[in-house]
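Asks: So the chains spell out like this:
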Amino acid sequence: QKEVEQNSGPLSVPEGAIASLNCTYSDRGSQSFFWYRQYSGKSPELIMFIYSNGDKEDGRFTAQLNKASQYVSLLIRDSQPSDSATYLCAVNPSGGYQKVTFGIGTKLQVIP
Amino acid sequence: DAGVIQSPRHEVTEMGQEVTLRCKPISGHDYLFWYRQTMMRGLELLIYFNNNVPIDDSGMPEDRFSAKMPNASFSTLKIQPSEPRDSAVYFCASSLGPRPQYFGPGTRLTVL
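Chains A and U supply the protein sequences, listed in that same order. For the record, in the first sequence the residue sitting at position 46 is 91 according to my numbering, with numbers rising by one throughout. For the record, in the second sequence the residue sitting at position 5 is 127 according to my numbering, with numbers rising by one throughout.
Please keep in mind that the hints were generated in silico from the structure rather than gathered at the bench. Glycine included, every Cβ here is placed at the ideal spot set by N, Cα and C. There could be a bad hint or two in this list.
Stated by the list, open to error - Some chain U residues near chain A, calculated using beta-carbon distances under 10 Å:
hint, residue
1, Glu166
2, Phe187
3, Gly226
What the hints assert, rightly or not - For each label pair, taking beta carbons as the anchor points, the in silico distance ranges come out as:
hint, chain 1, residue 1, chain 2, residue 2, range
4, A, Ser53, U, Lys190, 30 to 36 Å
5, A, Asp103, U, Asp152, 33 to 39 Å
6, A, Asn111, U, Gln139, 24 to 30 Å
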């Protein structure tokens, strides 16, 4: 079992819809969770991080964490074609911010 | 502020040649990371440094890979001899203490 699991997609949603990206992790002691966005041919860009159970909102983005179920999700409201990218889930198993393990990424396509 | 700087951006070499990738972290950051990204394996951590000292190199695939950080503003990743399976995008990232990592633009390496 991989440490961080994501569906590679592609996930296709129509413009204006909510895109829901999911990630599960294997280490129950994980403390820090990150979402990176990576456009084709570009480097990963941090968009959200979350440490506590529940929701964290930032503009059109909401990160959700459920430690009991060991999953973290990213919701993108009012999806735009410019949101089309690969979204990488990253987890630090031991707390802090070092030695982060990345998932394979989910490719999101927002259809105009 | 300048972000993480990597050079070269593209490198094409022949099997058996030595390859050196370079990275300049964000000024003031005390952690530096080297990653490799491929379609099959995603983003993998190779090695990371704290205050110029290698902390964890368990991700380095084999002895052909070596990394150094002679000072706070410069790091190298060397592959000698290179093999076709080393073809990938190599990212350098840096962070300030317990904060998220910021990635450089990457070096696309092709070994023929």
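Asks: Indicate, hint by hint, whether the structure satisfies it.
Replies: Hints versus structure:
1. Glu166: Holds, about 8 Å.
2. Phe187: violated (17 Å)
3. Gly226: holds (6 Å)
4. Ser53(A) to Lys190(U): 30 to 36 Å: holds (34 Å)
5. Asp103(A) to Asp152(U): 33 to 39 Å: violated (26 Å)
6. Asn111(A) to Gln139(U): 24 to 30 Å: violated (49 Å)
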